[in-house]
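Enquirer: Sequence:
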Amino acid sequence: MGELETSRGSNQELGFVRAGDTRWGSYDKSLENFTLLFYSIIDVLDTLVADASTLDGRAKKKEQDIANAIIFVEVAKKKASRVKNWFSNLGGLGKFSKTLVETKKNITFPLVFCLLKLALLLSIATAMLKKLFSQ
577 MGELETSRGS
587 NQELGFVRAG
597 DTRWGSYDKS
607 LENFTLLFYS
617 IIDVLDTLVA
627 DASTLDGRAK
637 KKEQDIANAI
647 IFVEVAKKKA
657 SRVKNWFSNL
667 GGLGKFSKTL
677 VETKKNITFP
687 LVFCLLKLAL
697 LLSIATAMLK
707 KLFSQ
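What the sequence shown shows, in my numbering, is residues 577 to 711, in sequence order.
If you are wondering where the hints come from, they were derived from the structure by calculation, not from laboratory data.
We put the CB at the ideal spot given by N, CA and C, even for glycine.
Fair warning: there could be bad hints in the mix.
Unchecked claim - Lysine-lysine pairs mimicking DSS-like chemistry, simulated, CA-CA at most 27 Å apart:
1) K681 - K693
2) K674 - K693
3) K674 - K660
4) K671 - K693
5) K674 - K655
6) K707 - K653
7) K660 - K680
8) K660 - K637
9) K654 - K674
10) K693 - K680
11) K654 - K637
12) K655 - K680
Said to hold, decoys possible - Using C-beta positions, here's what the derived DEER-type ranges look like:
13) F614 - A645: 22 to 30 Å
14) D632 - C690: 48 to 56 Å
15) T702 - I647: 32 to 40 Å
16) I683 - G633: 46 to 54 Å
17) V659 - E639: 29 to 37 Å
18) V659 - K638: 27 to 35 Å
19) K706 - K636: 50 to 58 Å
20) T679 - K636: 43 to 51 Å
21) L708 - V688: 52 to 60 Å
22) F685 - S657: 15 to 23 Å
Model the full structure from these sequences, guided by the hints.
Expert: So this is what it looks like as structure tokens:
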């Protein structure tokens, strides 16, 4: 492809003719300009296709991220519901810790047992402080 002059107004020579311009010379000029600009037009179209596919890939990734987040929330809600039902079946933290000691699971799961003791102690300490400051 030849070099184009870039001085003021020189690139207007390669423009397409207006729809109302119906002289045969204008069609010939339009066809000539199209052939001169063909590879530039193809380059622009290729760039648009590449950009569109990149944007499409990004949009698909965002859609997938949203779908994964929704699935994660649903799974978390189900698990939280199961844990809530499990605790309610055990009768609360006190009964749960008693069951752990009776089944000797407090030895197998010492961190869970320690967390339970801490939760029970905090609830007792809070109740004692409330009673102390209310007097």
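Enquirer: How does the Cβ-Cβ distance of T702 and I647 compare with 32 to 40 Å: does it lie in that range?
Expert: 37 Å, holds
Enquirer: CB of F685 to CB of S657, is that within 15 to 23 Å?
Expert: With Cβ atoms ~22 Å apart, the hint holds.
Enquirer: Check whether the Cα positions of K681 and K693 lie no farther apart than 27 Å.
Expert: With a Cα-Cα distance of about 14 Å, the restraint between K681 and K693 holds, given a limit of 27 Å.
Enquirer: Given a hint of 29 to 37 Å, does the C-beta separation of V659 and E639 actually sit inside it?
Expert: The hint (29 to 37 Å, Cβ to Cβ) holds, given that V659 and E639 are roughly 31 Å apart.
Enquirer: If you draw a straight line from the CA of K654 to the CA of K637, is it 27 Å or shorter?
Expert: 26 Å, holds
Enquirer: Would the pair K660 and K680 pass a check requiring their Cα atoms to be no farther apart than 27 Å?
Expert: Given that 27 Å is the threshold and the Cα spacing comes to 23 Å, the pair holds.
Enquirer: With respect to the beta-carbon atoms only, verify the hint that T679 and K636 lie 43 to 51 Å apart.
Expert: Holds, since T679 and K636 (Cβ atoms, about 49 Å apart) stay within the stated range.
Enquirer: Go ahead and decide if the range 22 to 30 Å is satisfied by the Cβ distance of F614 to A645.
Expert: 47 Å, violated
Enquirer: Is it true that V659 and K638 lie within 27 to 35 Å of each other by Cβ?
Expert: 31 Å, holds
Enquirer: Hint check: K655 vs K680, CA-CA at most 27 Å. Holds or violated?
Expert: 25 Å, holds
Enquirer: Please work out if K671 and K693 have their alpha carbons no farther apart than 27 Å.
Expert: Distance ~12 Å between K671 and K693 Cα, so the pair holds.
Enquirer: Check the hint pairing K707 with K653 against an upper bound of 27 Å on the C-alpha distance.
Expert: Not satisfied, since the Cα-Cα distance of roughly 36 Å exceeds 27 Å.
Checked against the numbered hints given earlier, the structure breaks hints 6, 8, 13 and 21 and satisfies all the rest.
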